[in-house]
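The listed protein sequences derive, respectively, from chains A and B.
Mind the numbering: the first sequence is residues 3 to 119 in our numbering, read in order.
Mind the numbering: the second sequence is residues 198 to 310 in our numbering, read in order.
Take these hints with a grain of salt, some might be off.
Said to hold, decoys possible - In the DSSO-like style, the derived pairs of lysine-lysine whose C-alpha atoms are separated by at most 27 angstroms in a straight line are:
| id | chain 1 | residue 1 | chain 2 | residue 2 |
| --- | --- | --- | --- | --- |
| 1 | B | 239 | A | 51 |
| 2 | A | 51 | A | 70 |
| 3 | B | 211 | B | 263 |
| 4 | B | 211 | A | 63 |
| 5 | B | 239 | A | 70 |
| 6 | B | 238 | B | 263 |
| 7 | B | 263 | B | 239 |
| 8 | B | 238 | A | 63 |
| 9 | B | 217 | B | 261 |
| 10 | B | 261 | B | 238 |
| 11 | B | 252 | B | 263 |
| 12 | B | 217 | B | 239 |
| 13 | B | 261 | B | 211 |
| 14 | B | 238 | A | 51 |
| 15 | B | 217 | B | 263 |
These are computed hints drawn from the structure, not numbers from a lab.
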Amino acid sequence: AQSVTQPDIHITVSEGASLELRCNYSYGATPYLFWYVQSPGQGLQLLLKYFSGDTLVQGIKGFEAEFKRSQSSFNLRKPSVHWSDAAEYFCALTRGAGGTSYGKLTFGQGTILTVHP
Amino acid sequence: GAVVSQHPSRVICKSGTSVKIECRSLDFQATTMFWYRQFPKKSLMLMATSNEGSKATYEQGVEKDKFLINHASLTLSTLTVTSAHPEDSSFYICSAGPLYEQYFGPGTRLTVT
Numbered sequence: 003a004q005s006v007t008q009p010d011i012h013i014t015v016s017e018g019a020s021l022e023l024r025c026n027y028s029y030g031a032t033p034y035l036f037w038y039v040q041s042p043g044q045g046l047q048l049l050l051k052y053f054s055g056d057t058l059v060q061g062i063k064g065f066e067a068e069f070k071r072s073q074s075s076f077n078l079r080k081p082s083v084h085w086s087d088a089a090e091y092f093c094a095l096t097r098g099a100g101g102t103s104y105g106k107l108t109f110g111q112g113t114i115l116t117v118h119p
Numbered sequence: 198g199a200v201v202s203q204h205p206s207r208v209i210c211k212s213g214t215s216v217k218i219e220c221r222s223l224d225f226q227a228t229t230m231f232w233y234r235q236f237p238k239k240s241l242m243l244m245a246t247s248n249e250g251s252k253a254t255y256e257q258g259v260e261k262d263k264f265l266i267n268h269a270s271l272t273l274s275t276l277t278v279t280s281a282h283p284e285d286s287s288f289y290i291c292s293a294g295p296l297y298e299q300y301f302g303p304g305t306r307l308t309v310t
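Please model the entire structure based on the sequences and the hints provided.
If you want it as structure tokens, here you go:
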């Protein structure tokens, strides 16, 4: 069975500091991986996705993530955090091409990011 | 990007009644939509896949007779929570979109008293 683990439930950083949110996955093949952000009252917004190719992917709002197959990880990073980045972040995966569960996402538990001024 | 709306955003109902939640794709057609449930301080759990013109497929452990899904058009899926009980209180979220690019609705907060 596939699973996604986000080890950090809550992270606090100062504005301007760098950020790394961890995500580990368990899946028998190469998954398609996503990072979403959820702000209060808002739907989940896609930050970035990895399907194949370059293992460092760039997303919106200055975020990037690196896929490391050897570590089964897909950590999200941002070099300088802004107060508006405070939200909850979810890592998710779905089966790759050819799977029978297209579109079905398995989510991690989420990481709440607090940004101090 | 594509927009998915949900209505209502918040609903309170009495135990034993039914409540309907709508999910609409506003600027694209969706033959498939997904319904998720999010418990407080927990992740999103996929409940079911809504298929336009055919029966929904439910994830293991989800009661199909309690959570009725209808996908009557290419832009609308509805989730009806029947005979709601307090344990059904939760945040329900739908998604739709092209392959491997799901857009999420803002969610519906259901409180059953």
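Consistency of the hints with the structure:
1. Taking the CA atoms of residue 239 of chain B and residue 51 of chain A, the gap is about 22 angstroms. The hint holds against a cut of 27 angstroms.
2. With a C-alpha separation of about 14 angstroms, the suggested pairing of residue 51 of chain A with residue 70 of chain A holds against the 27 angstroms cut-off.
3. Taking the CA atoms of residue 211 of chain B and residue 263 of chain B, the gap is about 15 angstroms. The hint holds against a cut of 27 angstroms.
4. Distance hint between residue 211 of chain B and residue 63 of chain A is unfulfilled; the C-alpha atoms sit about 42 angstroms from each other, more than 27 angstroms.
5. A C-alpha spacing of about 26 angstroms is found between residue 239 of chain B and residue 70 of chain A, which places the hinted pair at or below 27 angstroms, so the restraint holds.
6. Between residue 238 of chain B and residue 263 of chain B the CA atoms are separated by roughly 24 angstroms; this keeps the pair inside 27 angstroms, and the hint holds.
7. For a cut-off of 27 angstroms, the pair hint linking residue 263 of chain B to residue 239 of chain B stands: about 22 angstroms separates their Cα positions.
8. Between residue 238 of chain B and residue 63 of chain A the alpha-carbon distance is near 25 angstroms, which keeps this suggested pair within the 27 angstroms criterion.
9. With a C-alpha separation of about 14 angstroms, the suggested pairing of residue 217 of chain B with residue 261 of chain B holds against the 27 angstroms cut-off.
10. Straight-line distance between C-alpha atoms of residue 261 of chain B and residue 238 of chain B comes to about 25 angstroms, which keeps the hinted pair within the 27 angstroms bound.
11. Restraint check for residue 252 of chain B and residue 263 of chain B: satisfied, since their Cα atoms lie roughly 15 angstroms apart, inside the 27 angstroms limit.
12. With a C-alpha separation of about 23 angstroms, the suggested pairing of residue 217 of chain B with residue 239 of chain B holds against the 27 angstroms cut-off.
13. Distance check on the hinted pair: residue 261 of chain B and residue 211 of chain B sit about 21 angstroms apart at the alpha-carbon level, within 27 angstroms; holds.
14. Of the pairs offered as hints, the one joining residue 238 of chain B and residue 51 of chain A holds, with about 24 angstroms between alpha carbons and a cut-off of 27 angstroms not exceeded.
15. Taken as a hint, the residue 217 of chain B and residue 263 of chain B pair is honoured in the structure, with Cα atoms around 12 angstroms apart against an allowance of 27 angstroms.
Hint compliance for this structure: hint 4 is the single one not met.
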